[in-house]
Amino acid sequence: FQGVGLPANGQEGDAELDKKVRTLLVELDDFMNDDFNTAKVLANLFEMAPVINGIKGGQVKADAISTASYTLLNETFKTYLEDILGLQPLQQNNDSKLDTVLQLVIEMRKEAKARKDYAASDKIRDMLAASGILLKDEKGGEMSYSID
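In terms of the numbering used here, the sequence shown has 166 at position 147, counting the first letter as 1, and numbering is strictly consecutive.
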């Protein structure tokens with residue numbers, strides 16, 4: 020819900036949607052207390068996802084549910100998804116360490132090819148490919164890589 024404001028206080032909103040959200044949230048605890056019934060927990064989280072996405076995308080107004088339900092939805096969804104189930108948001112790797120290492124390996128492969136040591140060159144390429152890193156020979160002797 021980052022960047023989405025809280026619903027205005029005192030507005031009626033959609034009582035049916037508000038009740039549905041609150042019911043789904045209460046059931047999460049019930050399901051976890053029922054021998055960690057994660058299948059039902061996941062089902063409820065998936066059922067709440069369109070509401071969350073609708074609010075984020077503007078198709079559902081934030082004031083369609085009460086401020087209390089909105090806050091509870093935001094906190095509970097994050098708690099269950101990240102803390103209880105351990106699902107973390109994808110984080111961009113802004114660290115250039117991987118790129119530095121790959122550039123070093125690419126340079127080693129270039130040197131092996133220049134020495135006509137094709138066995139070493141192929142081994143480097145094959146080991147990277149087995150790790151999901153594909154090397155591509157470019158024009159002018161340059162090399163690029165992509166990560167699958």
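In short, the hints are calculated from the structure, not lab data. It is possible that some hints are incorrect.
Claimed, not checked - List time: in silico PhoX-like cross-link candidates among lysine-lysine, alpha-carbon distance up to 20 Å:
{"no.": "1", "residue 1": "K158", "residue 2": "K135"}
{"no.": "2", "residue 1": "K155", "residue 2": "K142"}
{"no.": "3", "residue 1": "K158", "residue 2": "K129"}
{"no.": "4", "residue 1": "K155", "residue 2": "K129"}
{"no.": "5", "residue 1": "K75", "residue 2": "K142"}
{"no.": "6", "residue 1": "K132", "residue 2": "K142"}
{"no.": "7", "residue 1": "K39", "residue 2": "K132"}
{"no.": "8", "residue 1": "K129", "residue 2": "K142"}
{"no.": "9", "residue 1": "K75", "residue 2": "K59"}
{"no.": "10", "residue 1": "K155", "residue 2": "K132"}
{"no.": "11", "residue 1": "K116", "residue 2": "K59"}
{"no.": "12", "residue 1": "K80", "residue 2": "K116"}
{"no.": "13", "residue 1": "K97", "residue 2": "K129"}
{"no.": "14", "residue 1": "K116", "residue 2": "K97"}
{"no.": "15", "residue 1": "K39", "residue 2": "K80"}
{"no.": "16", "residue 1": "K135", "residue 2": "K116"}
{"no.": "17", "residue 1": "K132", "residue 2": "K116"}
Unchecked claim - Restraint ranges, calculated between C-beta atoms of paired labels, are given here:
{"no.": "18", "residue 1": "Q78", "residue 2": "D118", "range": "25 to 31 Å"}
{"no.": "19", "residue 1": "S150", "residue 2": "K80", "range": "24 to 30 Å"}
{"no.": "20", "residue 1": "A62", "residue 2": "K135", "range": "57 to 63 Å"}
{"no.": "21", "residue 1": "L104", "residue 2": "P69", "range": "30 to 36 Å"}
{"no.": "22", "residue 1": "I103", "residue 2": "D136", "range": "49 to 55 Å"}
{"no.": "23", "residue 1": "G73", "residue 2": "K142", "range": "48 to 54 Å"}
{"no.": "24", "residue 1": "G76", "residue 2": "A133", "range": "34 to 40 Å"}
{"no.": "25", "residue 1": "D102", "residue 2": "K39", "range": "22 to 28 Å"}
{"no.": "26", "residue 1": "L104", "residue 2": "T42", "range": "16 to 22 Å"}
All of these numbers come straight from a predicted model, not from anything done at the bench. Just so you know, even glycine gets a beta-carbon here, dropped at the ideal spot from N, CA and C.
Taking the hints in turn, this is what the structure says about them:
1. Between K158 and K135 the CA atoms are separated by roughly 19 Å; this keeps the pair inside 20 Å, and the hint holds.
2. For the hint pairing K155 with K142, the CA-to-CA distance comes to about 15 Å; that is within 20 Å, so the pair holds.
3. With a C-alpha separation of about 13 Å, the suggested pair K158 and K129 falls inside the 20 Å cut-off, and the hint holds.
4. Restraint check: the Cα-Cα separation between K155 and K129 comes to about 12 Å, which is no more than 20 Å; the hinted pair holds.
5. For the suggested pair K75 and K142, the alpha carbons sit about 48 Å apart, so the restraint of at most 20 Å is broken.
6. Distance restraint check for K132 and K142: the Cα-Cα separation of roughly 11 Å lies within the 20 Å cut-off, and the hinted pair is therefore satisfied.
7. Distance check on the hinted pair: K39 and K132 sit about 64 Å apart at the alpha-carbon level, beyond 20 Å; violated.
8. Restraint check for K129 and K142: satisfied, since their Cα atoms lie roughly 12 Å apart, inside the 20 Å limit.
9. In summary, the hint linking K75 to K59 is not supported, as the alpha carbons are separated by about 24 Å, beyond the 20 Å threshold.
10. At roughly 14 Å between alpha-carbon atoms, K155 and K132 fall within 20 Å of each other, so this suggested pair holds.
11. Note on K116 and K59: the hinted pairing is violated, with a Cα-Cα distance of about 41 Å set against a maximum of 20 Å.
12. Of the supplied pair hints, the one linking K80 and K116 is violated, its CA atoms being roughly 43 Å apart against a limit of 20 Å.
13. As the CA atoms of K97 and K129 are separated by approximately 47 Å, the hinted pair breaks the 20 Å bound.
14. For the hint linking K116 to K97, the alpha-carbon distance of about 30 Å lies beyond 20 Å, and the restraint is violated.
15. Between the alpha carbons of K39 and K80 the distance comes to roughly 16 Å, so the proposed pair stays at or under 20 Å and holds.
16. For the hint pairing K135 with K116, the CA-to-CA distance comes to about 29 Å; that exceeds 20 Å, so the pair is violated.
17. Simply put, K132 and K116 have alpha-carbon atoms about 24 Å apart, too far for the 20 Å limit, and the pair is violated.
18. For Q78 paired with D118, a C-beta distance near 39 Å fails the hint of 25 to 31 Å.
19. Between S150 and K80 the beta carbons are some 47 Å apart, a value that contradicts the proposed interval 24 to 30 Å.
20. Between A62 and K135 the beta carbons are some 60 Å apart, a value that agrees with the proposed interval 57 to 63 Å.
21. For L104 and P69, the Cβ-Cβ distance of about 19 Å falls outside the hinted range of 30 to 36 Å, so the restraint is violated.
22. Checked against the hint of 49 to 55 Å, the pair I103 and D136 passes, with Cβ atoms roughly 52 Å apart.
23. Checking the proposed 48 to 54 Å range against G73 and K142 shows it holds: the Cβ atoms sit about 52 Å from each other.
24. Evaluation of the 34 to 40 Å hint for G76 and A133 yields a failure: the beta carbon distance comes to about 53 Å.
25. Distance hint check for D102 and K39: the Cβ-Cβ separation is about 24 Å, which falls inside the suggested range of 22 to 28 Å.
26. The hinted window of 16 to 22 Å between L104 and T42 holds, with their beta carbons roughly 20 Å apart.
Violated hints, listed in ascending order, are 5, 7, 9, 11, 12, 13, 14, 16, 17, 18, 19, 21, 24; each of the other numbered hints is respected by the structure.
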